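So the chains spell out like this:
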Amino acid sequence: MAINWYHYASPATFHPLAGRLAAAFAWLAAALTAAGLWIGFVVAPTDATQGEAYRIIFIHVPTAWMAMFIYLVMAFWSALALGFNTRLSAMMAQSLAPTGALMALLALWTGAFWGRPTWGTYWAWDARMTSTLILLFLYLGVIALRNAIDDPRRADKACAVLTLVGAVNVPIIYFSVRWWNTLHQGASVSLTSAPKMATIMLTGMLVMTFACWFWCIAVALWRVQAIILERERGAGWVAALPAVRET
Amino acid sequence: MKARHRRFAWILVGLAALGVAVALVLNAFRSHLVFFFSPSQVIANEAPVGRPFRIGGLVQVGSIVRDTGSLTVRFVVTDTAKDVPVTYTGLLPDLFKEGKGVVAQGTLGPDGVFRATEVLAKHDENYMPPEAAAAIEQAHKGGQAKTLSR
Numbered sequence: 001m002a003i004n005w006y007h008y009a010s011p012a013t014f015h016p017l018a019g020r021l022a023a024a025f026a027w028l029a030a031a032l033t034a035a036g037l038w039i040g041f042v043v044a045p046t047d048a049t050q051g052e053a054y055r056i057i058f059i060h061v062p063t064a065w066m067a068m069f070i071y072l073v074m075a076f077w078s079a080l081a082l083g084f085n086t087r088l089s090a091m092m093a094q095s096l097a098p099t100g101a102l103m104a105l106l107a108l109w110t111g112a113f114w115g116r117p118t119w120g121t122y123w124a125w126d127a128r129m130t131s132t133l134i135l136l137f138l139y140l141g142v143i144a145l146r147n148a149i150d151d152p153r154r155a156d157k158a159c160a161v162l163t164l165v166g167a168v169n170v171p172i173i174y175f176s177v178r179w180w181n182t183l184h185q186g187a188s189v190s191l192t193s194a195p196k197m198a199t200i201m202l203t204g205m206l207v208m209t210f211a212c213w214f215w216c217i218a219v220a221l222w223r224v225q226a227i228i229l230e231r232e233r234g235a236g237w238v239a240a241l242p243a244v245r246e247t
Numbered sequence: 001m002k003a004r005h006r007r008f009a010w011i012l013v014g015l016a017a018l019g020v021a022v023a024l025v026l027n028a029f030r031s032h033l034v035f036f037f038s039p040s041q042v043i044a045n046e047a048p049v050g051r052p053f054r055i056g057g058l059v060q061v062g063s064i065v066r067d068t069g070s071l072t073v074r075f076v077v078t079d080t081a082k083d084v085p086v087t088y089t090g091l092l093p094d095l096f097k098e099g100k101g102v103v104a105q106g107t108l109g110p111d112g113v114f115r116a117t118e119v120l121a122k123h124d125e126n127y128m129p130p131e132a133a134a135a136i137e138q139a140h141k142g143g144q145a146k147t148l149s150r
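Going line by line, the protein sequences match chains V and S. FYI, the numbering used here numbers position 124 of the first sequence as 124, with every residue one higher than the one before it. FYI, the numbering used here numbers position 64 of the second sequence as 64, with every residue one higher than the one before it.
It is worth saying that the hints were derived from the structure and are not from the lab. Heads up, none of these hints are tricks.
Keeping only pairs whose Cα atoms sit at most 25 angstroms apart, straight-line, the calculated DSS-like set for lysine-lysine is:
id, chain 1, residue 1, chain 2, residue 2
1, S, Lys-100, S, Lys-141
2, S, Lys-141, S, Lys-97
3, S, Lys-97, V, Lys-196
4, S, Lys-141, V, Lys-196
5, V, Lys-157, S, Lys-2
6, S, Lys-82, S, Lys-100
7, V, Lys-196, S, Lys-100
8, S, Lys-82, S, Lys-97
Estimated spans, in silico, between C-beta atoms of each pair:
id, chain 1, residue 1, chain 2, residue 2, range
9, S, Gly-109, V, Gly-186, 29 to 35 angstroms
10, V, Ile-134, S, Ala-3, 29 to 35 angstroms
11, S, Pro-130, V, Thr-192, 25 to 31 angstroms
Residues from chain S shown here face chain V by an in silico Cβ test under 10 angstroms; the list is partial:
id, residue
12, Arg-7
13, Asp-94
14, Phe-96
Being a predicted model, the structure only gives us computed values, none of them experimental. Every residue gets a Cβ at the ideal spot worked out from N, C-alpha and C, and that includes glycine.
So that you can see chain V by itself, here it is in the shape it has in the complex (with noise of 0.2 angstroms):
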């Protein structure tokens, strides 16, 4: 069968469709946190050479992974909203770049607490933390521009254009420790060769990381269920809803 997706595509179809679906990921998302941290700092050994300092990877790198992901996922959206010229595509753009910031400050300010027992620094201007501090700088940009205009509309656009023109960071986040010598170590985990690390250890950090996921599309769907009622409000079934009427 068939899925209509313009349908959803409407605001007022997908506002109580987002509800739903972010009560799910939450109550998952805290499933899978409560899960994760257990297997992180109960079940999994001692690292061999780092010792304890370790653990910040089951932060870490779920937080590192989000923030390059939630990018994507952005452009994603600002793409469709461009081409197509849909609200709900720019709103679930404006919705996620809150998100992706606070990740991209986790993934840097633990990376900082890793590298200064590891490495002997808090912060080096390597290629790897260099491109995800422009990251996060993109992020807040977007978020600027966003309040710098006052026509959503116009803002949809503006904020569209440059969340693509920032996309070209991305990959060379990724592959920054492959191209340049960083003082950033290579990846352990990538698609295409087995995993550097102890399955326990895997484990816990992939569970943690569909706990960040589940969490990061929980509350981006609540975020733009707020969005939607804000920039609707003057549509008649936002005044028709139970909360509104009450009021």
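Following the hints, position chain S against chain V.
For chain S alone, coordinates are given in the frame of chain V:
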């Protein structure tokens, strides 16, 4: 061709042009984007002369000499092909070990000795419990002395 098809085509053309431009820029700045130079590059005079740069490689096994009575330490950085001697006064990171990765910042003296002002440890992408590491170490000792690669 519908209007939205034209818009998608423009988006694709724009992204492709941007990608090519960035690739050219990154290629042009290649030598400035490296975080460190290898001993082979330093010996071949590819590293900057007269200003500080970073050297990276492995700490040669058996090369660490600690000064008695001060924090000065001497060691050799190698990429298994060429070696550069390094002196450094200060605290070393916990992961600084013989046979492990290191990145040192400083200047190359006329005598060919690299005077480091900062020494960072560069760990690899392998994560394993101590028992597994010990088992690999045993296997290596059984074969040939491959201590440099681990």
